[in-house]
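There are 2 protein chains.
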Amino acid sequence: MLGWLKQYRRGLLAGDISAGIVVAMMMIPQGMAYAMVAGVPPVAGIYASILPPLIYAVFGTSMTQSVGPMAIISLMTAAALGPLAVAGSGLYTVLAAQLALLSGVVLLACGLLRIGFLANFFSRPVMSGFTIGSAIVIAWGQVSTLAGADLPRFHVPSLMLGGASLALLLLARAYLAPLLRLAGMNPAAADIGARLAPMAVVIGATVLVAWLDLNVRTTGAVPAGLPRLNMAISNAHWRSLLQPALLIGFMIFLISMSAAQALALKRQEKLHSNFELIGLGAANIGSALSGGFPVTGSMSRSAVNFSAGANTPLASVITAALLAIALVAPTGWLALLPLPTLAATIIVAVLGMLELDTLRTALRYDRGDALALVATAAGVLAMGVEAGVVIGVVLSMGTLIWRASRPHIAVLGRIAGTEHFRNIERHSGGTAPGLLLLRIDAGLFFGNVEAVNQRIEEELAARPATRDLVLVLSAVNAIDTSALFGLTELNQMLRHRGIGLHLAEVKGPVMDRLNASDLLARLNGKIYLSTAMAWDELAGKA
Amino acid sequence: MLGWLKQYRRGLLAGDISAGIVVAMMMIPQGMAYAMVAGVPPVAGIYASILPPLIYAVFGTSMTQSVGPMAIISLMTAAALGPLAVAGSGLYTVLAAQLALLSGVVLLACGLLRIGFLANFFSRPVMSGFTIGSAIVIAWGQVSTLAGADLPRFHVPSLMLGGASLALLLLARAYLAPLLRLAGMNPAAADIGARLAPMAVVIGATVLVAWLDLNVRTTGAVPAGLPRLNMAISNAHWRSLLQPALLIGFMIFLISMSAAQALALKRQEKLHSNFELIGLGAANIGSALSGGFPVTGSMSRSAVNFSAGANTPLASVITAALLAIALVAPTGWLALLPLPTLAATIIVAVLGMLELDTLRTALRYDRGDALALVATAAGVLAMGVEAGVVIGVVLSMGTLIWRASRPHIAVLGRIAGTEHFRNIERHSGGTAPGLLLLRIDAGLFFGNVEAVNQRIEEELAARPATRDLVLVLSAVNAIDTSALFGLTELNQMLRHRGIGLHLAEVKGPVMDRLNASDLLARLNGKIYLSTAMAWDELAGKA
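Chain order of the listed sequences is A and B. Take 1 as the starting number for the first sequence in my numbering and just add one per residue. Take 1 as the starting number for the second sequence in my numbering and just add one per residue.
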């Protein structure tokens with residue numbers, strides 16, 4: 001906690017200041033835009049960008065993480081609150097903060113219970129599918145704001161302004177960085193310059209709207225001054241907010257961890273997932289107390305923070321200070337940001353989340369993972385973002401259990417004249433009558449125990465003369481309680497049929513475990529250090 | 001399908017007939033008792049014991065499975081229907097059949113989609129915890145029926161009859177089989193005789209009630225004749241029944257598979273989980289059409305069927321025929337079965353499910369599994385049987401992911417003068433400056449990819465002079481798409497830092513997969529067949 005502050009060196013300051021300024025300039029339009037996605041007043045997006053990063057700077061472990069509003073979490077907030085209140089109403093704003101409070105408590109509790117391993121419930125293909133599905137839902141949700149009316153109708157000035165903003169932002173994304181480099185900027189500065197295009201387009205559009213007196217919807221009056229302490233709560237809604245808070249807390253953690261992990265790898269940092277949970281939990285409670293809504297560490301914003309030079313959380317402190325100053329300074333101009341342009345910035349931002357690289361790799365590498373990705377994206381589109389989280393967990397676990405239910409098991413034969421034993425299907429190995437050597441290439445656990453027993457039964461049925469079965473456990477890294485019962489039943493069955501059951505090449509940690517069970521005492525056979533020793537003793541018997 | 005009929009031999013007939021008779025005698029009180037648990041009229045328990053086993057005989061794959069009402073599934077039925085209708089009402093009975101129909105369709109669909117691997121989502125400790133929790137809930141639910149009034153009140157004749165029945169059944173369970181053996185019966189026959197104690201106690205109690213004209217509640221008029229075709233449906237309830245049907249379908253499959261697997265191991269049979277799904281699905285649709293409620297294969301009943309001599313599903317056909325005859329014959333006596341005695345049979349039956357052997361083993365063998373068991377049982381008690389299923393899946397997966405998040409990784413050293421490499425913490429092995437050999441003892445997948453990368457980062461941080469990292473993959477049985485990305489990122493990061501990344505002892509199937517990816521082409525190092533080869537080439541470099 002605050003370890004970075006104790007070791008702070010002067011040399012780090014320049015980077016932190018430049019990153020702090022760049023991210024603050026990014027944060028103003030982005031915070032307001034993601035507040036729109038969440039259905040709360042735009043100023044709440046700025047509130048949610050001040051206290052949460054300050055709190056995260058105290059409790060979090062990632063040096064360059066930028067905590068604040070994020071598109072997918074805002075979408076989930078809107079999905080959770082939509083059935084409970086009218087977007088933009090006072091109750092809705094109260095519930096948004098209450099949802100941040102509950103999500104924060106959930107995260108904090110998970111951190112204190114040290115169950116950070118929960119982040120491992122989502123596979124990457126499933127996360128990619130979830131992101132793609134959410135991005136499409138978010139972009140689609142902004143189309144009517146961009147067009148200034150519900151489809152298929154449209155409002156000409158809004159559509160023209162929104163369309164022009166969209167075109168400019170897309171062009172900037174594709175060509176601005178190369179152009180700035182051609183103009184002599186160094187590559188890092190050019191990249192950061194390109195990231196500020198949304199701010200520039202929003203300012204340009206605001207000026208244009210004021211100048212031409214265009215009749216388009218704008219953000220509306222933003223109250224001046226720092227956020228007040230928010231203690232408003234709707235006691236009637238605790239129950240209905242609990243399940244969304246669990247799902248949102250889970251996704252806050254997942255999204256923040258994947259951003260932090262990508263950065264930690266670059267910076268050779270060590271993350272502590274349980275401290276991250278505490279940091280994110282405290283940040284969300286802070287968001288609730290300052291009238292915000294659920295926040296998380298964002299991959300795209302943190303990447304900008306990192307490349308703009310952030311060395312420590314001081315960068316986030318500077319960002320927060322600048323945003324606070326913007327609220328204390330005259331805020332009249334913030335009321336004039338045209339909504340169609342903000343919608344365009346959202347659409348372009350989430351288009352960046354539509355990366356198909358994971359799908360492309362999975363299609364070539366593992367069809368099951370590719371299918372899980374597509375099914376999760378389809379699930380989000382068809383059943384919504386909350387169901388999508390559950391679908392994602394089920395599909396991650398489903399692919400895992402499905403693979404586990406087809407363990408690789410090899411019949412071993414002896415390579416003539418050696419002490420080596422190999423899969424007889426891949427190599428020509430000799431077998432001995434009455435002796436069956438099976439190598440199980442998977443840790444034994446509840447997901448494959450029946451499949452392993454069935455396969456053993458099949459191999460025995462194919463070799464009715466078998467008198468001794470040796471399980472070669474060189475690749476078995478663990479045996480859980482379910483598999484221990486499976487082995488015990490196999491042992492009983494083989495004893496009943498007069499077949500010996502032997503184990504060979506049992507790993508140290510596995511053997512330590514088995515010594516605490518009854519299996520070894522009851523084993524209808526012996527334990528061999530090596531397959532060769534088992535062969536020497538058993539192959540001669542028949 | 002019906003393969004057993006084509007190969008039927010005369011020698012099998014005697015066993016099938018005796019098992020058919022024994023199970024029919026067991027089924028009459030048990031079917032009516034489990035109908036009580038489910039909240040439907042007692043006769044529905046007999047209906048559910050006729051058509052379902054006949055249909056399972058055609059589609060199922062287990063030779064000795066006995067399909068019909070089962071305590072836990074009846075409890076789940078009551079839990080699902082309780083909020084929708086008043087137990088015993090006409091609507092309730094319609095919904096019970098409709099729930100069987102939906103569960104059957106769910107099972108059938110899973111079978112046709114070939115997703116029988118779903119049975120692997122529950123670990124044994126979790127199943128044991130679920131069973132213990134359910135048994136307590138069921139037994140507790142029968143106490144008021146046994147006492148003849150809602151607690152803490154009681155009705156003296158009911159309590160005396162119920163208490164006496166309970167005492168007799170407990171004594172019979174403990175001493176009847178040994179007594180029969182002492183009386184000269186062979187052990188198998190003595191065991192079966194003891195299993196018929198509930199039928200004997202029920203008949204005795206019925207006679208006693210009629211003789212003494214005791215004022216206790218009885219089953220009430222049972223309509224004579226075979227079940228009629230039931231097509232009654234409540235269209236308003238499809239939606240509310242869907243989620244219970246999914247959970248009940250899952251548990252029907254799980255319970256039936258564990259019974260069938262235990263028997264298959266004894267009989268050296270091969271089960272086909274997808275055909276089992278189809279058989280159970282069709283059986284439940286049959287139960288719905290004949291006015292029954294959800295059914296499954298029961299461990300205890302199937303064990304009796306097996307030990308009474310059943311060789312093929314003909315035993316179940318005979319059971320069904322006998323039950324049909326009982327309904328066609330005068331059924332007046334079936335109306336007089338005293339409910340306190342039936343409640344006693346239920347309590348004794350579910351006490352048999354309270355086995356603590358799994359807990360005892362898990363406590364010694366694996367505390368995590370023991371905790372999952374206790375938490376699942378507590379979950380069923382605190383939050384009900386439906387939530388218990390979800391809790392069970394989450395805890396099974398949770399223990400799995402938790403273990404995966406702590407992979408075993410060993411730093412290898414060379415045993416002097418040999419080609420052998422061992423964990424330097426367990427053996428004294430030599431290392432070479434600049435060369436780090438890490439053996440990963442776990443398949444790489446989304447559940448451990450970050451933990452592995454973190455651990456590698458730690459080992460590198462502890463050895464800043466490292467120029468070459470060799471990952472020894474001799475125990476890595478699979479690498480999924482998430483782990484492929486993890487390795488790719490590791491490779492980029494190491495390239496950036498000027499450290500070589502090499503792989504050694506990659507297994508055949510893993511190598512086949514990796515060849516379909518970009519990783520090998522981009523690898524900042526080489527692939528070595530053996531650790532010794534990597535050592536010879538890399539240890540000399542520094």
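Each hint should be verified, as a subset may be incorrect.
Identical copies carry no separate label here, and so any pair may be met within one copy or between two of them.
[To be verified] DSSO-like, lysine-lysine: derived pairs with alpha carbons at most 30 Å apart:
no.: 1; residue 1: 526; residue 2: 270
no.: 2; residue 1: 270; residue 2: 6
no.: 3; residue 1: 526; residue 2: 266
no.: 4; residue 1: 6; residue 2: 507
no.: 5; residue 1: 507; residue 2: 526
no.: 6; residue 1: 526; residue 2: 6
Think of the hints as simulated: they come from the structure by calculation, not from any bench.
Taking the hints in turn, this is what the structure says about them:
no., hint, verdict
1, 526 - 270, "between (45 Å within a copy, 27 Å between copies)"
2, 270 - 6, "within (18 Å within a copy, 66 Å between copies)"
3, 526 - 266, "between (50 Å within a copy, 23 Å between copies)"
4, 6 - 507, "neither (45 Å within a copy, 48 Å between copies)"
5, 507 - 526, "both (15 Å within a copy, 27 Å between copies)"
6, 526 - 6, "neither (59 Å within a copy, 42 Å between copies)"
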